[in-house]
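As numbered in UniProt numbering, the sequence shown has no gaps in its residue numbers, which increase by one up to the final residue, 282.
Worth flagging that the hints you see were computed from the coordinates, not collected in a lab.
Even for Gly, the Cβ is constructed at its ideal location relative to N, Cα and C.
Careful: at least some of the hints might be erroneous.
Okay, the calculated beta carbon distance ranges per label pair [claimed, not checked]: (1) Gly114 - Pro212: 39 to 47 Å; (2) Asn106 - Leu196: 18 to 26 Å; (3) Pro185 - Lys112: 21 to 29 Å; (4) Ser67 - Ala109: 16 to 24 Å; (5) Arg85 - Arg211: 18 to 26 Å.
Below, simulated DSSO-like cross-link-like pairs (lysine-lysine); rule was C-alpha separation at most 30 Å, straight line [unchecked claim]: (6) Lys193 - Lys71; (7) Lys68 - Lys219; (8) Lys193 - Lys219; (9) Lys112 - Lys68; (10) Lys152 - Lys78; (11) Lys78 - Lys112; (12) Lys219 - Lys112; (13) Lys112 - Lys193; (14) Lys71 - Lys100; (15) Lys71 - Lys152; (16) Lys193 - Lys152; (17) Lys78 - Lys68; (18) Lys112 - Lys152; (19) Lys193 - Lys78; (20) Lys100 - Lys78; (21) Lys152 - Lys100; (22) Lys112 - Lys71; (23) Lys112 - Lys100; (24) Lys68 - Lys100.
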Amino acid sequence: MGNCPPQPRSKVDTSTSSASTHGAEKSAENGSRNQPVVSVVSGSTSTSNAESSSSASKAGEEIKVSSKLRKFGFSDLKCATRNFRPESLLGEGGFGCVFKGWIEENGTAPVKPGTGLTVAVKTLNHDGLQGHKEWVAEVDFLGNLHHPNLVKLIGYCVEDDQRLLVYEFMPRGSLDNHLFRRSLPLPWSIRMKVALGAAQGLSFLHEEAERPVIYRDFKTSNILLDSEYNAKLSDFGLAKDGPVGDKTHVSTRVMGTYGYAAPEYVMTGKCFIRYNLPALEE
Numbered sequence: 001m002g003n004c005p006p007q008p009r010s011k012v013d014t015s016t017s018s019a020s021t022h023g024a025e026k027s028a029e030n031g032s033r034n035q036p037v038v039s040v041v042s043g044s045t046s047t048s049n050a051e052s053s054s055s056a057s058k059a060g061e062e063i064k065v066s067s068k069l070r071k072f073g074f075s076d077l078k079c080a081t082r083n084f085r086p087e088s089l090l091g092e093g094g095f096g097c098v099f100k101g102w103i104e105e106n107g108t109a110p111v112k113p114g115t116g117l118t119v120a121v122k123t124l125n126h127d128g129l130q131g132h133k134e135w136v137a138e139v140d141f142l143g144n145l146h147h148p149n150l151v152k153l154i155g156y157c158v159e160d161d162q163r164l165l166v167y168e169f170m171p172r173g174s175l176d177n178h179l180f181r182r183s184l185p186l187p188w189s190i191r192m193k194v195a196l197g198a199a200q201g202l203s204f205l206h207e208e209a210e211r212p213v214i215y216r217d218f219k220t221s222n223i224l225l226d227s228e229y230n231a232k233l234s235d236f237g238l239a240k241d242g243p244v245g246d247k248t249h250v251s252t253r254v255m256g257t258y259g260y261a262a263p264e265y266v267m268t269g270k271c272f273i274r275y276n277l278p279a280l281e282e
C-alpha cells in the first residue's frame with residue numbers, strides 16, 4: 001500500500017523469560033477495563049451491526065475491541081487516503097506506514113480532502129504474526145484508555161489480511177522531528193509544555209488507569225504534538241499490563257528501542273513501572 005519501502009527495525013527483541021504473547025494476555029484481561037466490547041472473530045469476512053461485528057483474523061483468535069471504536073471498510077480508507085498515494089504519506093514506523101486522510105465527522109465514509117475530519121491512517125506491514133499481535137495490543141490499549149495526553153484511536157479496519165488503525169491527526173508531527181531537524185529550535189516554554197504533557201501521559205498509565213500499564217517504547221518519535229503543542233503518547237504495540245497487588249514487576253521478552261530501554265530491563269527481562277523513567281530523562 002503506497003510506495004513505502006520497509007526500514008530496518010531498531011527494536012530490542014531478546015527472549016529472556018516465559019511470558020505469553022500479547023494476544024493471549026490481552027483477550028483474557030479486556031474485561032477488567034469495564035468497557036463494552038465487540039468481538040472480531042477469526043474465520044469470517046462477514047460484518048453485522050456496530051454491536052457485533054466479525055472479520056477474519058490472522059492468528060485464529062477472537063479479538064475484543066471497544067464498541068466505541070468505529071469499524072471502517074478497507075475501500076473507505078483507501079478512498080479517504082486517496083489510494084494511499086505517496087503525497088498522503090505522513091511517516092513510517094516499525095509496524096507500518098501512516099497516511100493522512102479525511103472522513104465524516106461522525107461516520108466512516110470518506111470525504112473530499114480538506115473537509116470533514118482529518119485523520120491519520122496506519123497500515124500494518126505484512127511481514128509476520130508479530131505485527132498482528134502489536135496491532136491487537138494497540139486496539140486493546142488505545143481503544144480502552146482515554147486521556148488528553150494519549151493519542152485518540154478513532155477506529156480500525158480488519159478485512160481479509162488488511163489491518164489498519166485510524167487516529168486523530170496530529171498536525172505538529174512527532175517530537176523528534178522538532179528536536180533533530182535543521183530549523184529554529186523549540187522555545188524553552190514549548191519544550192517544558194511538551195515534557196509536562198508526556199509526563200502526565202505516563203503518570204496516567206502508571207497511577208490512574210484501572211490497571212497499571214507499562215508503555216515500553218517511550219521515545220521522542222512516539223510523542224506526537226497537536227496544533228497547540230500538547231504532547232500525546234502514541235504507538236502502544238509494545239505496551240503491557242503492569243503488576244498488580246503485591247507484585248513488583250512482570251517478566252517478559254525484552255522489547256523496546258536501544259538507547260531508551262532501561263539497562264536493567266534489557267539485562268533481566270523484569271519490567272518495573274519505573275523503567276519508563278530513564279527514557280523520560282532523555
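Check the hint pairing lysine 193 with lysine 219 against an upper bound of 30 Å on the C-alpha distance. Given pair lysine 193, lysine 219 holds - Cα atoms ~16 Å apart, limit 30 Å.
Taken at face value, is the distance from the CA of lysine 152 to the CA of lysine 193 at most 30 Å?
19 Å, holds
* Between lysine 112 and lysine 193, is the straight-line Cα distance small enough, at 30 Å or below? -> 34 Å, violated
| query | Holds or violated: are the alpha carbons of lysine 219 and lysine 112 at most 30 Å from each other? | reply | 34 Å, violated
Distance restraint between lysine 78 and lysine 112, which requires alpha-carbon spacing of 30 Å or less:
13 Å, holds
Check whether the Cα positions of lysine 100 and lysine 78 lie no farther apart than 30 Å. OK: lysine 100 and lysine 78 at ~11 Å, within 30 Å.
- Does 21 to 29 Å hold as the CB distance between proline 185 and lysine 112, or does it fail? Distance hint for proline 185, lysine 112 is violated at roughly 37 Å.
Notebook entry, point to check: Taking 18 to 26 Å as the hint, is the beta-carbon distance of arginine 85 and arginine 211 inside that range?
Noted result: 41 Å, violated
With the threshold set at 30 Å, check whether the alpha-carbon distance from lysine 78 to lysine 68 stays at or below it. Within the cut-off at roughly 22 Å; holds.
| query | Straight-line Cα separation of lysine 152 and lysine 100 no greater than 30 Å? | reply | 15 Å, holds
Confirm or reject the claim that glycine 114 and proline 212 have a C-beta distance inside 39 to 47 Å.
41 Å, holds
Query raised in the report: CA of lysine 68 to CA of lysine 100, is that 30 Å or under?
Result: 22 Å, holds
Of the numbered hints stated above, those contradicted by the structure are hints 2, 3, 5, 6, 12, 13 and 19, listed in ascending order.
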